[in-house]
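Asks: Listed here are the chains, written in short residue letters.
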Amino acid sequence: MHVNANGSDPLRGRDLITLRDFDREEIDYILEVAKDLKKRMAQGDMPRTLDRKTLYMMFYNSSLRTRNSFETGMTQLGGNAHYLEPSSVYVPALAGEEEAFKSERISDVARVLSQMGEGIALRIFGDPTDWKYGRGNKIIREFAEWSSVPVLNMLDNMYHPHQGLADAMTMKEKLGDLKDKKITVSWAYSESTKKTLSVAHSALMASSFYGMDITLAHPVGFDLDDEVLGDVKKNVKRYGGSFDKVHDMDEAVEDADVVYAKSWPVKSAIPPEVDEPDWEKAKQMFEDNKDWIINQERMDKTNDGIYMHCLPASRNQEVTDEVMDGPQSVVFDEAGNRLHAQKAVMSLLMR
Amino acid sequence: MHVNANGSDPLRGRDLITLRDFDREEIDYILEVAKDLKKRMAQGDMPRTLDRKTLYMMFYNSSLRTRNSFETGMTQLGGNAHYLEPSSVYVPALAGEEEAFKSERISDVARVLSQMGEGIALRIFGDPTDWKYGRGNKIIREFAEWSSVPVLNMLDNMYHPHQGLADAMTMKEKLGDLKDKKITVSWAYSESTKKTLSVAHSALMASSFYGMDITLAHPVGFDLDDEVLGDVKKNVKRYGGSFDKVHDMDEAVEDADVVYAKSWPVKSAIPPEVDEPDWEKAKQMFEDNKDWIINQERMDKTNDGIYMHCLPASRNQEVTDEVMDGPQSVVFDEAGNRLHAQKAVMSLLMR
Amino acid sequence: MHVNANGSDPLRGRDLITLRDFDREEIDYILEVAKDLKKRMAQGDMPRTLDRKTLYMMFYNSSLRTRNSFETGMTQLGGNAHYLEPSSVYVPALAGEEEAFKSERISDVARVLSQMGEGIALRIFGDPTDWKYGRGNKIIREFAEWSSVPVLNMLDNMYHPHQGLADAMTMKEKLGDLKDKKITVSWAYSESTKKTLSVAHSALMASSFYGMDITLAHPVGFDLDDEVLGDVKKNVKRYGGSFDKVHDMDEAVEDADVVYAKSWPVKSAIPPEVDEPDWEKAKQMFEDNKDWIINQERMDKTNDGIYMHCLPASRNQEVTDEVMDGPQSVVFDEAGNRLHAQKAVMSLLMR
Numbered sequence: 001m002h003v004n005a006n007g008s009d010p011l012r013g014r015d016l017i018t019l020r021d022f023d024r025e026e027i028d029y030i031l032e033v034a035k036d037l038k039k040r041m042a043q044g045d046m047p048r049t050l051d052r053k054t055l056y057m058m059f060y061n062s063s064l065r066t067r068n069s070f071e072t073g074m075t076q077l078g079g080n081a082h083y084l085e086p087s088s089v090y091v092p093a094l095a096g097e098e099e100a101f102k103s104e105r106i107s108d109v110a111r112v113l114s115q116m117g118e119g120i121a122l123r124i125f126g127d128p129t130d131w132k133y134g135r136g137n138k139i140i141r142e143f144a145e146w147s148s149v150p151v152l153n154m155l156d157n158m159y160h161p162h163q164g165l166a167d168a169m170t171m172k173e174k175l176g177d178l179k180d181k182k183i184t185v186s187w188a189y190s191e192s193t194k195k196t197l198s199v200a201h202s203a204l205m206a207s208s209f210y211g212m213d214i215t216l217a218h219p220v221g222f223d224l225d226d227e228v229l230g231d232v233k234k235n236v237k238r239y240g241g242s243f244d245k246v247h248d249m250d251e252a253v254e255d256a257d258v259v260y261a262k263s264w265p266v267k268s269a270i271p272p273e274v275d276e277p278d279w280e281k282a283k284q285m286f287e288d289n290k291d292w293i294i295n296q297e298r299m300d301k302t303n304d305g306i307y308m309h310c311l312p313a314s315r316n317q318e319v320t321d322e323v324m325d326g327p328q329s330v331v332f333d334e335a336g337n338r339l340h341a342q343k344a345v346m347s348l349l350m351r
Numbered sequence: 001m002h003v004n005a006n007g008s009d010p011l012r013g014r015d016l017i018t019l020r021d022f023d024r025e026e027i028d029y030i031l032e033v034a035k036d037l038k039k040r041m042a043q044g045d046m047p048r049t050l051d052r053k054t055l056y057m058m059f060y061n062s063s064l065r066t067r068n069s070f071e072t073g074m075t076q077l078g079g080n081a082h083y084l085e086p087s088s089v090y091v092p093a094l095a096g097e098e099e100a101f102k103s104e105r106i107s108d109v110a111r112v113l114s115q116m117g118e119g120i121a122l123r124i125f126g127d128p129t130d131w132k133y134g135r136g137n138k139i140i141r142e143f144a145e146w147s148s149v150p151v152l153n154m155l156d157n158m159y160h161p162h163q164g165l166a167d168a169m170t171m172k173e174k175l176g177d178l179k180d181k182k183i184t185v186s187w188a189y190s191e192s193t194k195k196t197l198s199v200a201h202s203a204l205m206a207s208s209f210y211g212m213d214i215t216l217a218h219p220v221g222f223d224l225d226d227e228v229l230g231d232v233k234k235n236v237k238r239y240g241g242s243f244d245k246v247h248d249m250d251e252a253v254e255d256a257d258v259v260y261a262k263s264w265p266v267k268s269a270i271p272p273e274v275d276e277p278d279w280e281k282a283k284q285m286f287e288d289n290k291d292w293i294i295n296q297e298r299m300d301k302t303n304d305g306i307y308m309h310c311l312p313a314s315r316n317q318e319v320t321d322e323v324m325d326g327p328q329s330v331v332f333d334e335a336g337n338r339l340h341a342q343k344a345v346m347s348l349l350m351r
Numbered sequence: 001m002h003v004n005a006n007g008s009d010p011l012r013g014r015d016l017i018t019l020r021d022f023d024r025e026e027i028d029y030i031l032e033v034a035k036d037l038k039k040r041m042a043q044g045d046m047p048r049t050l051d052r053k054t055l056y057m058m059f060y061n062s063s064l065r066t067r068n069s070f071e072t073g074m075t076q077l078g079g080n081a082h083y084l085e086p087s088s089v090y091v092p093a094l095a096g097e098e099e100a101f102k103s104e105r106i107s108d109v110a111r112v113l114s115q116m117g118e119g120i121a122l123r124i125f126g127d128p129t130d131w132k133y134g135r136g137n138k139i140i141r142e143f144a145e146w147s148s149v150p151v152l153n154m155l156d157n158m159y160h161p162h163q164g165l166a167d168a169m170t171m172k173e174k175l176g177d178l179k180d181k182k183i184t185v186s187w188a189y190s191e192s193t194k195k196t197l198s199v200a201h202s203a204l205m206a207s208s209f210y211g212m213d214i215t216l217a218h219p220v221g222f223d224l225d226d227e228v229l230g231d232v233k234k235n236v237k238r239y240g241g242s243f244d245k246v247h248d249m250d251e252a253v254e255d256a257d258v259v260y261a262k263s264w265p266v267k268s269a270i271p272p273e274v275d276e277p278d279w280e281k282a283k284q285m286f287e288d289n290k291d292w293i294i295n296q297e298r299m300d301k302t303n304d305g306i307y308m309h310c311l312p313a314s315r316n317q318e319v320t321d322e323v324m325d326g327p328q329s330v331v332f333d334e335a336g337n338r339l340h341a342q343k344a345v346m347s348l349l350m351r
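Protein chains in written order, with our numbering: chain V, 1 to 351; chain F, 1 to 351; chain S, 1 to 351.
No wet-lab data here; the hints were simulated from the structure.
Heads up, some of the hints might be wrong.
Repeated chains share a single entry, so a pair holds when one copy, or any two copies, can fit it.
[Said to hold, decoys possible] Once the Cα atoms are required to be at most 30 Å apart in a straight line, the calculated DSBU-like pairs of lysine-lysine come out as:
(1) Lys35 with Lys281
(2) Lys138 with Lys39
(3) Lys102 with Lys132
(4) Lys290 with Lys102
(5) Lys283 with Lys172
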C-alpha cells in the first residue's frame, strides 16, 4: 500500500517488503516496541492492539517459524491470521498469466482482501516462481500495489525482512551496543542447492544499521546481489562500521562476535542470469565446498561469538550438532524473537 | 436444523440454504442488520455477538471471498471459524456411500459437530459431485437434517444465497430504492465450461424481493432451472416489478440500472439431464457465443448502470478489463459486502 | 516437558501422552473440572482460562472429532489452535532421519514452538510410521523431551488418552458410580484392517481407575499389548473391580452395563513383531471374524447397557445402524465430551 506516514505514527499503513525501504530510526522504533512487548508479555501483560483484526497469510511454500510466529502473534494481539495456500483460494496470478477457473488476477485478490481484513502477508520463492530471482518479490510488490492495507514479506528469494529484524533484536540482547562488533555472514554447505539469497541479504541489511564490522564470506562464485550490497555499504558509510569480503571461512570467523552461516544458491545458475536453473552446475559448486561448515574448531577462533541461523539448518552440513546445540548457539532465542519482532511490526503498521 | 422461530427473534436457529426459503420481511431484516454492522464497524464499534463461538466451514472446492469473509466475520463477531477440507476430516458421505477408514456418514459428522460448535457451513459443487445438478444441495440438506445448529450454504450448483444477499445490499447502497430499477442478469462467455447456475439463480431471487424489472438474458440453450424461475416470478407477482427473458445481450443491457453478467453451465449437458457431463457439447455451445462479453460499448447502452460480478471473473471473456476496472464496476464493494451480509446472517441465526 | 508439580496446582506443566502416567486422583481432578466446565457452559459462563494462548496441533493423519474439539476448546477458553500438517511445516524428523529442504529435527521443531505458544499436540500413527507399533509414540515422546510446554497425544497406535477421559466422563454421566459396573471392551469387524490399538487400550485404562468389572473380548490372535494390560490389572488390584478375558462376543456382552466394541489391528502382523506389515494375513483373520458385530440381539443380552464407540464407526461392520442410531447408543454424547474433557486438560496443564 502507499505510504501514509504522519508525525505521531510514522509507520502506520506502511508495507514491509524489504529493510532497504527503512532507515535506522524506523528500525530502532520497531525493535524498541518489540523489546517492550516481550518484556510486558513476560509479566503477563499483553495489549489487545489488533483486537479482532485479520491478517491474511498466503504461503506458496512451507513454513514452521514464520507461519506460527505470525499466527501466534496475531492471537496474542487479539486478532486472527488465516493460513491460505494458493491452491485453495484460486491461485493469484499476474495480469496476462491467468487461467480460467484456476487463478485470479492479483489486482482482484488484493482489492478483495483489503475490503475485509487489515493486512496481507506472503511467502513465495522457489518452484512457484520457477526459481527466477526477483519473481517472488515482483508478485509481492504487485499485491502491495493494489492492496489498501499493509503487505508483509514472509520470505521471497531476495528478502526475509522479519528475519532480519529478529536477528538484530537477538544481537542486541546478546551483545548490547552493536557498534564495532564483528559479524561474519558466511555461506555454508548443504546437500540441497535449492536455497534463497534472502536470509543473507536481510542479515547484512540489519547489521548495516548498527555500525557493525561486517565480514561477508563465501566461496568464489557464490556472489550475492550487488544492488543489495550497495545499500549495505551505503548504510555502513552513513551509520559507521565497515564492510569486508573474503573467500575463506577460517579467516572470516576470526575474532567474530557473531557467526551467521547459511547456505544460499548460486545466483549465476538461476534465471534471469541463465534461461533455466542449472542445478548440475550448482550441485558441483556446492560439492566442491563441503568444508564450509561451522564446527567447534571454527567457533573457537571467534571472540567467544554467538552462532546464529534462521532455521531450519542442515545439520552436520551447514553446522555440526555440537555447535547447533552448544552454548554459543542462540538460534532458539532468535526463532523466539521472530514472534516479538513481528508483533511489533504488526502493531505499528496494521493499526 | 429445524426452524425454531419465535416472535422476538424470528431467524434464530434457521438454516440458510437458499433464499427461496425466506420472505421479503426476513431478507429485509438481515440486510438492515448488515447495514448497521457495517456502519458501526466504520466507527470502530464491533459487537461481540458470537463471543468464542465456532463455525465449521467445510470446503469441497476452493474459495477466496467466501472463506475469508466467513472467517473474518466470525473473528470480528468474537468467534472463530475452522477451515476444513473433506480430505482431512474423513470425507462426509451419504448413507450407503461410505468407505471404511476414508469416509464418515453425514448424519454422524453433523451430529458430532453440533455437539461442539454453533454452525456448519458447506461449499460443494462440481467434481466432488460428479457435476450432478442438485447433488451438492442434497448433501447440504442432509447435513441440515441431522445438525442441531444452523447450516449455511457457501455455494452449491443451485444456490449461492450469501452472494445474493451481498448483491441486494450493494444494489441498495448504489441505487437506493430498487423499485422499478432494471437489472439485467445475463450469461457471459468463459473459456471454462465448468460453472454453477447458483450465482444467476441467487441474483434473480434477491432482485425479486424488491420490485425490480428483471431481464434474464442468455443464448438459446442456456436455460436456468424452471423451478427457481417459478419462485422468482411468484415474488415478482407478490412484490411488484416485472420479469422478461431475451436472447440478445445488446437488447438486454438497454437502459439497465444493473448489469450482472456471469457464465453458467449448459444444464442440458450435465446430469441428471444426461448420464455423463457432455463437456464437448458444452464447449461448442460456449465457443459459439464468445461475443457475450460485457464491454464498454454495452455499458454505454445502460442507464449509467452499475456492473456487478461475484468474482472471480474471467477477464476479457466475461468482461473486459476496461469495464471491470472502470467507474461503473462495483465488484469490490460487492465483495466487501459479503463480509457484512454474512456477519448479519451469523448474528441472527447462530446466536 | 518435565513434570513441574506443586501442591496447589499438581497438573500444571504436565504432558498427557498416556493415562498410564496418571493416578486416579489426577484423573478425578480432570473429570471434575470437565464436568464443571460443561455445566458452566450450559449456563453461558465460559472462563477465559487460556486467554490468547496458542496450541500447536500437528496432524500426520486426518481427524474430525479430535481436531475440532481441540480447536473449539481453545477458542472457548479464549485462545487459539493452529492446524498444522507436517507437509506444510518441514516434516519433523528424528535425529539421523532428516532430509535437507524437507524435514527438520524434532528437537528443533519442539524448541522453536516452545518459544512461541503454550502447548503442542500431535496425532501420528499408520502410514507416516510405516505401521510400526510404538513408533508414533516414540515421536511424540521425542517432542515431549525437547518441549518446554505441555505435549498432548491426539492419537498414536498405542494410546488415545483424551478419548479415554471422554469415555470415563460419559460412563459417569450415564451410570453414576462406576464401581462394580460391567464394561465389555470388544474387538469388532471392519473391512479395513488399518486400525490402531489405542482406543481399546485407553478405554481399558480409563475403566481401571473406577472399580469396574472389565471384560476384554476378541477372537484368538487379536491380542492387545501385554504391558498396557499389566497396568490395567495393577489398577484393578489397587482400585477394585475385576479383569476377565474371553474369546466369544455373545458371552462377553452378557449383563454388560457398557459395550465398547471397536476394531483393532492384528498386532502380530505389524512391525516390530514382523519386518513388514502382513496385510494379507490380517485381512484373512478379519474376514474369519465377520460375525463380531454389535447388533440389537447382542445389546439385548446386556443389562440395558450403553453402546460406546470413539467414532468414526464402520457402520454395519462394527455395529448395525439399528444400534448406532438406537436408544442405547451414547456415541454422540461421548463425542461431545471430548470437548469438555480436553478443555479440562488444557485448563489444568497449559496455564
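Asks: Next step is simple, just say for each hint if it's right about the structure.
Replies: These are the hints, each one checked on the structure:
| no. | hint | result |
| --- | --- | --- |
| 1 | Lys35 with Lys281 | neither (44 Å within a copy, 61 Å between copies) |
| 2 | Lys138 with Lys39 | neither (37 Å within a copy, 36 Å between copies) |
| 3 | Lys102 with Lys132 | both (22 Å within a copy, 21 Å between copies) |
| 4 | Lys290 with Lys102 | between (42 Å within a copy, 20 Å between copies) |
| 5 | Lys283 with Lys172 | neither (36 Å within a copy, 62 Å between copies) |
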